[in-house]
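Student: Using the hints, position chain B against chain A.
Those sequence lines, one after another, are chains A and B.
The numbers in the working numbering rise by one with no breaks, and the one at position 39 of the first sequence is 39.
Just add 1000 to the spot in the second sequence (first one is 1) and you have the working numbering.
No lab work stands behind these hints, which were simulated from the structure alone.
Looking from chain A toward chain B, a few residues come up when the C-beta cut is under 8 Å (computed):
(1) 60
(2) 63
(3) 186
Calculated lysine-lysine pairs in the DSSO-like style (CA-CA distance at most 27 Å, straight line):
(4) B/1342 to B/1353
(5) A/161 to B/1257
(6) B/1345 to B/1192
(7) A/182 to B/1149
(8) B/1345 to B/1363
(9) A/164 to B/1192
(10) A/180 to B/1257
(11) A/182 to B/1257
(12) A/75 to B/1192
(13) B/1257 to A/175
(14) B/1192 to A/180
(15) A/182 to B/1192
(16) B/1342 to B/1257
(17) A/164 to B/1257
Beta carbons are placed, not taken as given, at the ideal position from N, Cα and C, and that holds for glycine.
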Amino acid sequence: MAVETIQLEHVPASYRVYLALFRNVKNAAFLHQQLLARNAEFEYAFIDASTIVSRMHLLSAVFKAVNNSVNGVLKTPNVHSETVVSLSSSSNIADAYRRFGVSPSTTDLFVVKIVFPTDTNPEPASAEAISKHLTDNVEGDAVPATDDTIETITDVRAVRKSYKLNGLAWLDGIKDELVKRKEIERLVLGGMALRGV
Amino acid sequence: MCREFSSRNIIIPLLNPKISSPAENGTQSSPQMADCLVTCASIVFFVLHIGLFLRLTAAPVAGGRRSPTNGTGNPSLSTPLQRVISVILSGIVPKTKFLSSALPPKSPTMAATASEAVVHEFPLPAILTNPASTPPTLITQGAEGRLYKTTYLLPSIPCALKYRPPKPWRHPILDQRLTRHRILSEARILSKCRRDGLRVPDVYALDESAGWLMLEWVQGTPVRVNINQRLGNRTEGIEDDEELKDLMRRIGAAVGKMHSIGIIHGDLTTSNMMLNPPAGQTETDNVSGLEGEIVIIDLGLASGGVHDEDRAVDLYVLERAFGSTHPRAECVFGEVLDAYKKSFKQAGVALKKLEEVRMRGRKRSMLG
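One chain only, chain A, in its complex shape:
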């Protein structure tokens, strides 16, 4: 299995973004534990895939985190935790970890790795190294992260709750599921963009 390398617009060339999606993950509790123990080898953004509506949704969070990292205004310890927090529409960091991060009950998992050269580590990890490390440590089936796959994983009810999208009569009134989904995505993006401002 190979991680996907993502080239985002308006991100400095020194930043590399890698993305992988795992289904039927069995050792989420172990991964969760590594994060709590602040194991430096497990510096990834582990995201519960059921909270993600689309690739654009996830990549928006990555973009925000990278932008904050470039500007040096991270609100959390590193760019990976920032990615998880960027998904939230509220400024409560612990709440964001709980809602969007990996939990022992997670079965579908997004893994995002953002690397860039730093003073202490001028040679960031390569795609192969990340790929190998993930294959060794995540017990699950790696699948391509396409919008079609994501659609089957999304828990729309949880998403609507997280982004406070319940009680919007016009949204419930949309009959076409595809249009409705697109509208939810747009509202989610807006909610994320306005976090804490």
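Tutor: Leaving out everything else, chain B in the frame of chain A:
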């Protein structure tokens, strides 16, 4: 998106954000300058003296202020008097071109002004200097900011980037606060409109300290273009144009929806509405057609408000702007108000108020 930024003065909105009228749109001269013209002549001599005084005694003040990338403060402006002089100079000198001939040509201040006047290439905002698949294009320039078309995340997603550059003539702290406030208020209002189901551009991302706001790129053309295309050279049969009247009704419904959720646009014109063609239709097909969804854009001057007075003024501004942009189509404007009336409960009261506003103009007090 915002094909025409609202031309707005920098300082006046501090006192009253709605002072500029739609007639002033698109012009580069600010209302404050217009007001100042009378006093300008008397100030000229004062400025001349100050300018000469600065050149002789405090050259670093003028030199430091002129630095185009100076966004972080100006340590040389230490005394309040110097700051005041600097503000006066920056407000007046660049606009009064005749000064450059009045002053000796070698004056450093004037030389800088002259070179700034001919430079048309703007420095890109920092975010756009990062690599992207297609280079950003400058769509329009307003009094306060610039609009670029670029891409968000992936090469396939176009977006509009509204950038408010730092204004070197303002105190850095004030500048930062104003920019931040304006970007956030626009983003909040867009987000609120979206949540309440009004079709406005989505907010993709923003960075209030860097001064940019990334918005959805709305396909289509401004309603102004569509109406003008439709009218062509016609002078007759406009009042019976059913398609045009239908467009008017959709405009009225969109404005009504916006008012019903408690948003006042502040600069309603046919240029600040896009006609988003139905899916599957390309942009070129739609230029003559009038079908599509109305998308209200440029809420940079918008505010929250549920007063009938504010709503009426909003409608009045639209009415006046419509009359001057499409004089021949004025006869169908009634359709806008009819549809507006049906769109929400308090619309009737707002329309009553509109008659009052028509009698006196949009300013209730005779100040400003």
